[in-house]
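Asks: Put the two chains together into one complex; each comes in its own frame, and the hints tell you how they fit.
If you want the building blocks of each chain, they are given just below.
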Amino acid sequence: MSKEHPASRTPKTSLNIPPETLRAMYVTMLRIRKFEEKVAELVYPLKEIFCPCHLYIGQEAVATGVCSNLKKEDWVFSTHRSHGHYIAKGGDIKALMAELYGRQTGCSRGRGGSMHLASPEWGLPGSSAIVAGTIPLAVGTALAFSMQSKDSVSVAFFGDGAAGEGVFYESLNFASLKKLPVIFVCENNLYSTHLPISACLADVQIWKKAEAFDMPGIRVDGNDVVKVFQSAKKAVELSRLGKGPTLIECMTYRWRGHVGPNDDLDKGLRSKEELDYWMSKCPIRAFEEFILARGIISDSERIKIIKSIDKEIEDSVTFAKNSPYPDEHDYIKYVFKT
Amino acid sequence: MRQISYAQAINETLLQMMDRDSRVFIIGQGVTSPWYVGTTTVGLLDRFGSERIIDTPVSENGVTGVAVGAALCGMRPVLMHPRMDFMYYAMDQIANHAANWHYMFGGQLSVPLTIWGIINRGGEQAAQHAQALQAVFAHIPGLKVVMPSNPYDAKGLLVASIEDDNPVVYIDERWLYSHVGEVPEELYSVPIGKGIIRKEGKDVTLAATSYMVYEASKAAEAVAKEGINVEVIDVRSLKPLDEDLILKSVKKTRRLVIADGGWKTCGVGAEIAARVAESDILKKLKAPILRVSLPDAPAPASSALEQVYYPKARELIVAIRKVMEG
Numbered sequence: 401m402s403k404e405h406p407a408s409r410t411p412k413t414s415l416n417i418p419p420e421t422l423r424a425m426y427v428t429m430l431r432i433r434k435f436e437e438k439v440a441e442l443v444y445p446l447k448e449i450f451c452p453c454h455l456y457i458g459q460e461a462v463a464t465g466v467c468s469n470l471k472k473e474d475w476v477f478s479t480h481r482s483h484g485h486y487i488a489k490g491g492d493i494k495a496l497m498a499e500l501y502g503r504q505t506g507c508s509r510g511r512g513g514s515m516h517l518a519s520p521e522w523g524l525p526g527s528s529a530i531v532a533g534t535i536p537l538a539v540g541t542a543l544a545f546s547m548q549s550k551d552s553v554s555v556a557f558f559g560d561g562a563a564g565e566g567v568f569y570e571s572l573n574f575a576s577l578k579k580l581p582v583i584f585v586c587e588n589n590l591y592s593t594h595l596p597i598s599a600c601l602a603d604v605q606i607w608k609k610a611e612a613f614d615m616p617g618i619r620v621d622g623n624d625v626v627k628v629f630q631s632a633k634k635a636v637e638l639s640r641l642g643k644g645p646t647l648i649e650c651m652t653y654r655w656r657g658h659v660g661p662n663d664d665l666d667k668g669l670r671s672k673e674e675l676d677y678w679m680s681k682c683p684i685r686a687f688e689e690f691i692l693a694r695g696i697i698s699d700s701e702r703i704k705i706i707k708s709i710d711k712e713i714e715d716s717v718t719f720a721k722n723s724p725y726p727d728e729h730d731y732i733k734y735v736f737k738t
Numbered sequence: 228m229r230q231i232s233y234a235q236a237i238n239e240t241l242l243q244m245m246d247r248d249s250r251v252f253i254i255g256q257g258v259t260s261p262w263y264v265g266t267t268t269v270g271l272l273d274r275f276g277s278e279r280i281i282d283t284p285v286s287e288n289g290v291t292g293v294a295v296g297a298a299l300c301g302m303r304p305v306l307m308h309p310r311m312d313f314m315y316y317a318m319d320q321i322a323n324h325a326a327n328w329h330y331m332f333g334g335q336l337s338v339p340l341t342i343w344g345i346i347n348r349g350g351e352q353a354a355q356h357a358q359a360l361q362a363v364f365a366h367i368p369g370l371k372v373v374m375p376s377n378p379y380d381a382k383g384l385l386v387a388s389i390e391d392d393n394p395v396v397y398i399d400e401r402w403l404y405s406h407v408g409e410v411p412e413e414l415y416s417v418p419i420g421k422g423i424i425r426k427e428g429k430d431v432t433l434a435a436t437s438y439m440v441y442e443a444s445k446a447a448e449a450v451a452k453e454g455i456n457v458e459v460i461d462v463r464s465l466k467p468l469d470e471d472l473i474l475k476s477v478k479k480t481r482r483l484v485i486a487d488g489g490w491k492t493c494g495v496g497a498e499i500a501a502r503v504a505e506s507d508i509l510k511k512l513k514a515p516i517l518r519v520s521l522p523d524a525p526a527p528a529s530s531a532l533e534q535v536y537y538p539k540a541r542e543l544i545v546a547i548r549k550v551m552e553g
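Listed in order, the protein sequences are those of chains A and B. If you use our numbering, the first sequence corresponds to residues 401 to 738, in order. If you use our numbering, the second sequence corresponds to residues 228 to 553, in order.
If you're looking for bench data, these hints aren't it; they were derived computationally from the structure. Errors might be hidden in some of the hints.
[Claimed, not checked] Short derived list, chain A residues pointing at chain B, Cβ under 8 Å:
#1 512
#2 533
#3 735
[Unchecked claim] Some chain B residues well away from chain A (every beta-carbon gap over 10 Å; in silico):
#4 272
#5 273
#6 283
#7 294
#8 319
#9 348
#10 366
#11 371
#12 379
#13 427
#14 454
#15 468
Since this is a predicted model, take the numbers as computed values, not measurements. Cβ atoms here follow ideal geometry from the backbone N, Cα and C, with glycine treated the same way.
Pulled out of the complex, with its shape left as it was, chain B reads as follows (with noise of 0.2 Å):
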């Protein structure tokens, strides 16, 4: 099958849901850049025209209640947040307004809306151009939150965000930028609420998001020279939640490690385990759950910080050692 990036996937995905859809439009602040969201909107204003494709004022709420608005009114609007990290501007009009809209008026208007979020790691851009919020965004009723790992899901939980008739919080990460796999040409898509195992395994269960589904992919390789047979979810939903999926997987293996690139406290880690923690499965894990996360602190600027503070497979690994030990 054809190979693209995760970058041109989404692109891809654009052009064709535009073209598909007089509903959908693009609206955010850098959508006509050529470097602010990488190369995800190439092209697309010569296709589109700035009716379709609207670049903004630096508003992030203002411009978040105008896609909400239109969304209410019919229209797919793809709002766009260059970094995660502008987006707690516009938390009132995301959780406030288009997370209880529907809920709000018993179910008679919903908000059709896909926010993308760009996680944008590294690069000593420090504390304000780094964060990974999808824990913040998973706790609140009423959206839904995706993270694509790879191309062809970048491409197929795109295409389900724009089609759900909800707010969907699409977050999608820089580092994977540059990845290429097998993308189809023509539009399908991903269910949200579906995790998927990536590798199969026995002894361990680990669970990841987004980029880390990567380094955990590096991660089991590793020590299957070991002799550690590493199951790998990709959580890929983290609201809903695909928790039979996880269950599964860790009654079978009775060892859980859960990677996540945003913080511990209250983190994607800690819902997951709580899940797990909750059910019957608890009595009969072989090792306690291991969480590898961000530590409670802000991104640090010096490369030589960075090192340090983002986890990567080196952490995965010595989960996995820990939690076989038991």
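Chain A on its own, in the form it takes in the complex (with noise of 0.2 Å):
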């Protein structure tokens, strides 16, 4: 299985990212990383948390580059693999960490857990644990807004193993017939749970499916924060301007298994050699020496950031532990508004 995917079509385009901007995405990288390690030890060795989780450690530079592009009336729609998103959009940590717990202080009021995490004032509608589920909602979406004459964008996160699905191949047409805003963003970590994507596709670069359906596609390297940021803004642009979607393929690895914090080393599903090459292009080492070096923070900043991040994460520990369950009697609330 080959460990390196040709960035093949990444912009050239130079470098032209305030430095807040970079600042910003740096630490919601490292949010992310950092939530997704406590949870990792949180479900092992602690066993404090029973949900599954899918987590999103090593994918950190995708959710972050393309959610940096996104106002709050942005819709992102995720995935099984949802931390990521919700965290770069904007949800609130607390919440996140509560639904974990299945706690009523959830962002999902403890009826979603991992899988299914919501923040509609931050432009998270939900994600699904349907492998492609999301895809046509965010195409929905994307209709009504230009029904509605707004100027948002929808972003449908998914990943490589989602174009096995059908309903991926109905939306891109369907997003590209009626020119619809939506970006749809395919992190591509070469896994389909326990298959390698060469095992699943015919083709392996999903990226070339655009092709097919008129639209611009474009596969980059999804470990590297700033090539994800500069495909997604071209891709943003282009639906704010009224001309479709883009298909952006980003080619990245998750470090621990399908689900869970294991690493599935032991179950013969990929090699150490992968993952330990794939480490070393960790995309947050990357992109701290690459700030640090353009003097865009300064160590003591990074120092900062860091126990400023820590402390978040042990706090929303503490208010999960400390929030209620939900009411036994609530059991069949919310199947209908009412």
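Replies: Encoded structure:
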């Protein structure tokens, strides 16, 4: 199995990103990483969280690079691996942790769990655990934005496995046909649960599907937050101008297994060599070096940021543990809006 | 009062609701077709344009997802499936997404979506163009399911479905499209969750859905000549089901026949029978509950087989006589 995917057609535009955006992206990536590392610990060995968690460690640059181009009013749909998108779009970390603990104060009031996160006020209408399930929803909100004459855009995040679903192609077609303001972001982490994507797709270059639907398609290094940011920026601009959708394939890798905190090496699903290679391409470390070298943050700022994030996450655990469970009498509440 | 057909009632409702509320739009495969949906969408494209009357590629699941997404975002789509059979393709978006969304996120967002599924039985169309899937959808938490049996309810329940904040599966039936009845011109709503007694009686309760209400009325008329006084209930709303209305009637008549145009096993009849069986009326029944439904078999093509496949008044009469014998 190949490790390297040439980031063909990566834009060669010069770096033209305000320093505050770069700083914010660094903070966002670190918040995701540290949140996920804490969750891993809480799932095992501490056994505090029972809800199945699909961790985002290794993929932080994708959610961060894309969402850093979005306004609060833009909508982001996510998947079973949704913590990163939720945090990158601005969702509250305390409410996220409380959701994983199954508490009433959770972002989905303890009804959704890790795979179903929402925060509508932040443009997070929800994430779905059905592979490719939210792709047409993002197209639908883009249709609504267009009918409502809003300049908002929708983003559908999905994994490489989603390229096996018919509804992915139906959605690309409809969005392009109607020139809707939606950005399709495929996070290709090389695995569809346990199966290498090369065992699933006749052509693993998912970005190429765009051509069949007459829309721009691009493959970028998904571990390079700057490249992801720049590709998403262009896609968002096109959408806001009414020029329709773009498909962005971000090549990345998840450090942990499909679900849970383990790395799945013992199950023979992937090699240590492959994992080591991708860990050496850590999106956060590379970016940290990049901004430190350019003086965008100083080392003392970096330490301050880390401390503050650590505290934020510890606070979220305390908040979650001190929060009440949903009232047991409310188990059928919310079936219908009344 | 003015009389119009069931199809005209639907057409008029769509037009009036779109006129009144800019959030309402129609989307589905064949909404601009001159034949796919009978005459229910005639004139809408000219009036509202292709931005609000969206005829779609044949992508049932994708298009259903698009409608769900638009509903999440403040629109009130009417999503049309020209045959219920095609809705199997869209089951993921209907059952996993539309139905779950309000619950799954603790009530933060809802899906005010009308999923309009059309039953088009007979006509030698066979097994994949004739299905009546009301029981399938009624099984799923988070969906409401209504079946208007006459022009008045076709309008009133469509208004209620569009106004509802939840996904409502609105199921109409082509066999009813030419039926004519009194329909007020102005908009009005028929409450979802309420059945109605079409004919009062004291001997047998005959609870029927959709087209079977028409057959039930014919059967009631026929057995009246034999001195059997049937109470005909139009179920109208499968979910929520108007259990009180049915139980009250059965308490009075102590006999129950259920007529539904879907399959028998785990069908509407099974559900209504179970509700009665779970109540204290069970031990007061004078006869076992009988169901008249489709057999557990796909629809045939040959009209010779269709004649026996689809139940009509004659099967209801047999069932009524049987429960009268006790």
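Asks: Confirm or reject each hint.
Replies: Going down the list of hints, with the structure as the test:
1. A hinted interface residue such as residue 512(A) counts as satisfied when its beta carbon comes closer than 8 Å to some beta carbon of chain B; here the least separation is about 5 Å, so the hint holds.
2. For the restraint placing residue 533(A) at the interface with chain B, the shortest Cβ-Cβ distance is roughly 6 Å, inside the 8 Å limit, so the hint holds.
3. For residue 735(A), the interface hint holds, since its Cβ comes within 8 Å of a Cβ in chain B; the closest pair sits about 5 Å apart.
4. At roughly 16 Å from the closest C-beta of chain A, the C-beta of residue 272(B) stays outside 10 Å, upholding its exclusion from the interface.
5. Remark: the non-interface label on residue 273(B) is consistent with the geometry, its nearest Cβ contact in chain A lying 19 Å away (cut-off 10 Å).
6. Residue placement check: residue 283(B) does not keep its beta carbon more than 10 Å from all beta carbons of chain A (closest about 7 Å).
7. The Cβ of residue 294(B) does not lie farther than 10 Å from every Cβ of chain A; its closest approach is about 6 Å, which violates its non-interface assignment.
8. Listed as a non-interface residue, residue 319(B) fails to keep its Cβ farther than 10 Å from every Cβ of chain A; the least gap is roughly 6 Å.
9. No Cβ of chain A comes within 10 Å of the Cβ of residue 348(B); the nearest lies about 28 Å off, and the non-interface call holds.
10. Here residue 366(B) stays apart from chain A, with its beta-carbon at least about 13 Å from theirs, past the 10 Å limit.
11. For residue 371(B), the non-interface assignment is contradicted: its Cβ lies about 7 Å from the closest Cβ of chain A, within the 10 Å cut-off.
12. Consistency note on residue 379(B): stated as away from chain A, and its beta-carbon is indeed over 10 Å from all of that chain's, at 25 Å minimum.
13. Its beta-carbon lying about 31 Å from the closest one in chain A, residue 427(B) satisfies the requirement of being farther than 10 Å from that chain.
14. Every Cβ of chain A is farther than 10 Å from the Cβ of residue 454(B); the closest lies at roughly 44 Å, confirming the non-interface assignment.
15. Residue placement check: residue 468(B) keeps its beta carbon more than 10 Å from all beta carbons of chain A (closest about 14 Å).
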